[in-house]
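Visitor: Sequence:
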Amino acid sequence: MSKPMTKTQLVAAVADAMGGDRKTAGAALDAIAEVIAREVAAGGTITLPGVGKIACKARPERLVRNPATGEMVTKPADKQVKIAVAKALKDSVNA
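Numbering (my numbering), first residue to last: 8 to 102.
Hints may contain errors.
[As the list claims (entries may be wrong)] Below, simulated DSBU-like cross-link-like pairs (lysine-lysine); rule was C-alpha separation at most 35 Å, straight line:
no.: 1; residue 1: K89; residue 2: K64
no.: 2; residue 1: K14; residue 2: K86
no.: 3; residue 1: K14; residue 2: K64
no.: 4; residue 1: K30; residue 2: K94
no.: 5; residue 1: K64; residue 2: K82
no.: 6; residue 1: K30; residue 2: K14
no.: 7; residue 1: K30; residue 2: K97
no.: 8; residue 1: K30; residue 2: K89
no.: 9; residue 1: K30; residue 2: K82
[Unchecked claim] What follows is a list of derived Cβ distance ranges for each label pair:
no.: 10; residue 1: A65; residue 2: M12; range: 42 to 48 Å
no.: 11; residue 1: T52; residue 2: P83; range: 21 to 27 Å
no.: 12; residue 1: E41; residue 2: T13; range: 17 to 23 Å
no.: 13; residue 1: V80; residue 2: A19; range: 44 to 50 Å
Just so you know, the hints here were simulated from the structure itself, not pulled from any lab data.
All values derive from a computational prediction rather than experimental measurement.
We put the beta carbon where it would ideally sit given N, CA and C, even for glycine.
Whole structure, please, built from the sequences with the hints as guidance.
Guide: The following block contains the structure:
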């Protein structure tokens, strides 16, 4: 398996695809990440066409087992980020 793409490599690839400079591509990437984080933290859903859907799901308080001791403990309610991959991306990967 190959190494994951770093942010620097992603910014360079976006700049090449846009035909622009790396500074603009980096600013655009940072702005997109900020908007996604803000919307998902507020409980919303973001759809990235051709990529997928990012949503926040609330999980209730529940009992979990401590694997070291076997003791059952109560885990407080929290939020979990879910990502559903778009069919178009799945199809392009499997083509």
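Visitor: Hint by hint, note whether the structure agrees.
Guide: Hint check results:
Pair hint K89 plus K64 holds up; C-alpha atoms about 7 Å apart against a cutoff of 35 Å. As the CA atoms of K14 and K86 are separated by approximately 26 Å, the hinted pair is consistent with the 35 Å bound. Between the alpha carbons of K14 and K64 the distance comes to roughly 27 Å, so the proposed pair stays at or under 35 Å and holds. The suggested pairing of K30 with K94 holds, with an alpha-carbon distance near 32 Å, which does not exceed 35 Å.
The hinted pair formed by K64 and K82 meets the criterion: a straight-line CA distance of about 16 Å does not exceed 35 Å. For the hint pairing K30 with K14, the CA-to-CA distance comes to about 13 Å; that is within 35 Å, so the pair holds. With a C-alpha separation of about 30 Å, the suggested pairing of K30 with K97 holds against the 35 Å cut-off. Between K30 and K89 the CA atoms are separated by roughly 30 Å; this keeps the pair inside 35 Å, and the hint holds.
Between K30 and K82 the CA atoms are separated by roughly 43 Å; this puts the pair beyond 35 Å, and the hint is violated. Checked against the given bound of 42 to 48 Å, the beta carbons of A65 and M12, roughly 31 Å apart, lie outside it. Against the hinted window of 21 to 27 Å, the Cβ-Cβ separation of T52 and P83 comes to about 24 Å, which satisfies the hint. About 19 Å separates the C-beta atoms of E41 and T13, a value consistent with the hinted range of 17 to 23 Å.
At about 46 Å, the CB distance of V80 to A19 agrees with the hint of 44 to 50 Å.
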